[in-house]
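Trainee: These are the residues of each chain, in order.
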Amino acid sequence: MKYLDEYRDGKLAAKIVDEIRRIQTKPWVIMEVCGGQTHSIVKHGIDQLLPEGIELVHGPGCPVCVTPLEMIDKAHAIARRPDVIFCSFGDMLRVPGSEGDLFTIKSLGGDVRVVYSPLDCLKIARANPDKKVVFFAIGFETTAPANAMLVHCAKEQGAKNVSILVSHVLVPPAIASILQSPLNRVQGFLGPGHVCAVMGYREYEPISARFKVPIVITGFEPLDLLQGTLMTIRQLESGRAEVENEYSRVLDRDGNKPAQKLVFSVFEIGDRKWRGVGSIPKSGYKLRWEYREHDAEKLFDVKEIDTKEPDICISGLILKGIKKPHDCPAFGKECNPQHPLGATMVSAEGACAAYYAYGRHLEREKRDQPTAITAGGVA
Amino acid sequence: MCLAIPGKVTELYDKQGMRMAKVQFGGITREACLEYVPETTVGQYVLVHVGFAISTVDEEEAKRTYELLEQMDQLTELNAPVVEEIGAPKEKP
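Same order as they appear, the protein sequences are chains S and Z. Using numbering that gives the first Met the number 0, the first residue of the first sequence is number 0, and each one after it goes up by one. Using numbering that gives the first Met the number 0, the first residue of the second sequence is number 0, and each one after it goes up by one.
Rather than coming from a laboratory, the hints here were simulated on the basis of the structure. Certain hints may be false.
[Said to hold, decoys possible] Covered by chain Z, according to a simulated footprint, are these stretches of chain S (three or more residues, beta-carbon under 8 Å):
| # | region |
| --- | --- |
| 1 | 26-36 |
| 2 | 115-129 |
| 3 | 132-142 |
| 4 | 148-159 |
| 5 | 193-199 |
[What the hints assert, rightly or not] With a cut-off of at most 25 Å between alpha-carbon atoms, the simulated DSS-like pairs for lysine-lysine come out as follows:
| # | chain 1 | residue 1 | chain 2 | residue 2 |
| --- | --- | --- | --- | --- |
| 6 | S | 130 | Z | 14 |
| 7 | Z | 14 | S | 131 |
| 8 | S | 256 | Z | 14 |
| 9 | Z | 21 | S | 122 |
| 10 | Z | 14 | S | 159 |
| 11 | S | 154 | Z | 14 |
| 12 | S | 302 | S | 272 |
| 13 | S | 272 | S | 285 |
| 14 | Z | 62 | S | 42 |
| 15 | Z | 62 | S | 14 |
| 16 | Z | 14 | S | 122 |
[Claimed, not checked] From the structure, some residues in chain S lie toward chain Z, with a derived Cβ separation under 8 Å:
| # | residue |
| --- | --- |
| 17 | 39 |
| 18 | 42 |
| 19 | 62 |
| 20 | 88 |
| 21 | 89 |
| 22 | 219 |
| 23 | 220 |
| 24 | 249 |
| 25 | 250 |
| 26 | 255 |
| 27 | 257 |
| 28 | 258 |
| 29 | 348 |
Virtual Cβ for every residue (Gly too), placed ideally from N, Cα, C.
Turn these sequences into a full structure, and let the hints steer you where they fit.
Mentor: This is the structure in structure tokens:
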């Protein structure tokens with residue numbers, strides 16, 4: 000209970016935990032989908048606060064984490080070209096590809112720039128008409144409206160030297176893929192709040208009905224996460240499986256219609272590979288044919304790159320909720336944020352990196368040490 | 000980078016046919032595109048993700064969320080460099 004006092008409203012948090020304890024009759028496994036939620040859960044120790052038998056497992060909702068190594072290598076191949084200005088969000092810069100990261104490329108003379116908004120690429124392109132400006136368009140549904148607007152404006156303004164390298168993934172197909180796995184343990188989901196601020200939550204309803212699984216769209220404050228967990232357990236205990244909205248102060252069922260409209264005018268749904276997980280059908284966006292002149296994969300003849308992830312890494316199983324970071328023998332040892340071996344360690348929002356950031360690798364070391372038996376009992 | 004950051008709209012203007020705003024996040028002011036929440040007025044709070052407002056929120060929600068993101072060290076994207084339009088006058092700090 001050591002974390003309860005740190006909450007804005009410790010009493011309310013304790014009340015929710017008590018209510019979960021009161022209604023719970025059996026063990027349940029619940030997955031939070033969004034990387035921001037994972038980070039908040041681990042930071043605030045919410046998983047450790049819940050009654051025994053309620054297990055939180057951490058889903059694939061960190062966009063940096065699930066960007067495939069092949070795509071990172073493609074990005075690096077483009078960024079190395081002397082005729083290219085390669086633009087990216089800051090958190091992709093330190094993600095290692097097969098040979099170094101974007102920082103290394105920058106230090107070797109590549110023109111790699113961090114941008115705040117994808118629209119910055121238009122300004123960079125106007126200032127550098129003799130260069131090709133390529134933006135690394137990664138992300139989930141939350142980021143898609145921004146990336147779509149860049150392409151829309153580039154076409155409208157005739158900015159022929161602007162293109163994007165698309166690695167966009169979608170939450171609902173990932174949830175369906177997890178539920179279809181024969182090894183699946185997840186019985187309920189905390190849905191991603193900010194993704195649904197854009198997309199609404201209609202598309203989660205058929206998944207909830209088909210797999211008979213509760214999905215509660217949840218924010219990422221400690222009280223939100225506890226309340227979302229309580230709502231999920233209420234459904235599980237009463238045999239209901241519905242989509243509920245814990246985060247109604249920010250979003251509704253329909254989401255942001257103008258954003259969806261532009262996203263679907265620029266992108267269409269296609270198969271995508273997820274790092275650690277593999278290919279999931281219809282799980283991402285690709286540019287529509289009308290925008291092919293702004294598609295970096297078509298413009299730059301980057302060959303398919305063969306990559307190999309270390310055998311020891313179990314990030315795929317972690318992303319599906321089958322394993323936890325502590326189950327990995329490399330966690331916190333040869334795999335750490337400075338030398339990540341796989342998806343869940345490459346960004347602060349990945350489960351392994353969050354566990355590491357909040358000292359949970361040290362807990363394991365403690366646990367791994369042989370327990371000393373003394374005259375007084377277990378020391 | 001999957002979370003949006005709340006900020007206060009302090010100025011509205013059109014730029015290249017797009018609805019834009021100055022949005023204040025704590026001590027930092029950045030430009031945001033308001034095309035997806037076009038009804039927003041000065042003084043309202045918006046959730047901004049990579050330079051795009053995706054939703055409006057009330058002041059209390061905005062403050063609470065901002066503080067939490069600050070504690071979680073999730074505000075670094077606000078420090079990304081400002082890209083100036085070539086030939087445009089430098090912004091006053």
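Trainee: State for each hint whether it applies.
Mentor: Hints and how they fare:
no.	hint	in the structure
1	26-36	holds (count 3)
2	115-129	holds (count 9)
3	132-142	holds (count 4)
4	148-159	holds (count 3)
5	193-199	holds (count 4)
6	130/S / 14/Z	holds, 24 Å
7	14/Z / 131/S	holds, 23 Å
8	256/S / 14/Z	holds, 22 Å
9	21/Z / 122/S	holds, 17 Å
10	14/Z / 159/S	holds, 20 Å
11	154/S / 14/Z	holds, 17 Å
12	302/S / 272/S	holds, 16 Å
13	272/S / 285/S	holds, 12 Å
14	62/Z / 42/S	holds, 19 Å
15	62/Z / 14/S	holds, 24 Å
16	14/Z / 122/S	holds, 12 Å
17	39	holds, 6 Å
18	42	holds, 6 Å
19	62	holds, 6 Å
20	88	holds, 6 Å
21	89	holds, 6 Å
22	219	holds, 7 Å
23	220	holds, 6 Å
24	249	holds, 6 Å
25	250	holds, 7 Å
26	255	holds, 5 Å
27	257	holds, 5 Å
28	258	holds, 4 Å
29	348	holds, 6 Å
Checked against the numbered hints above, the structure violates none of them.
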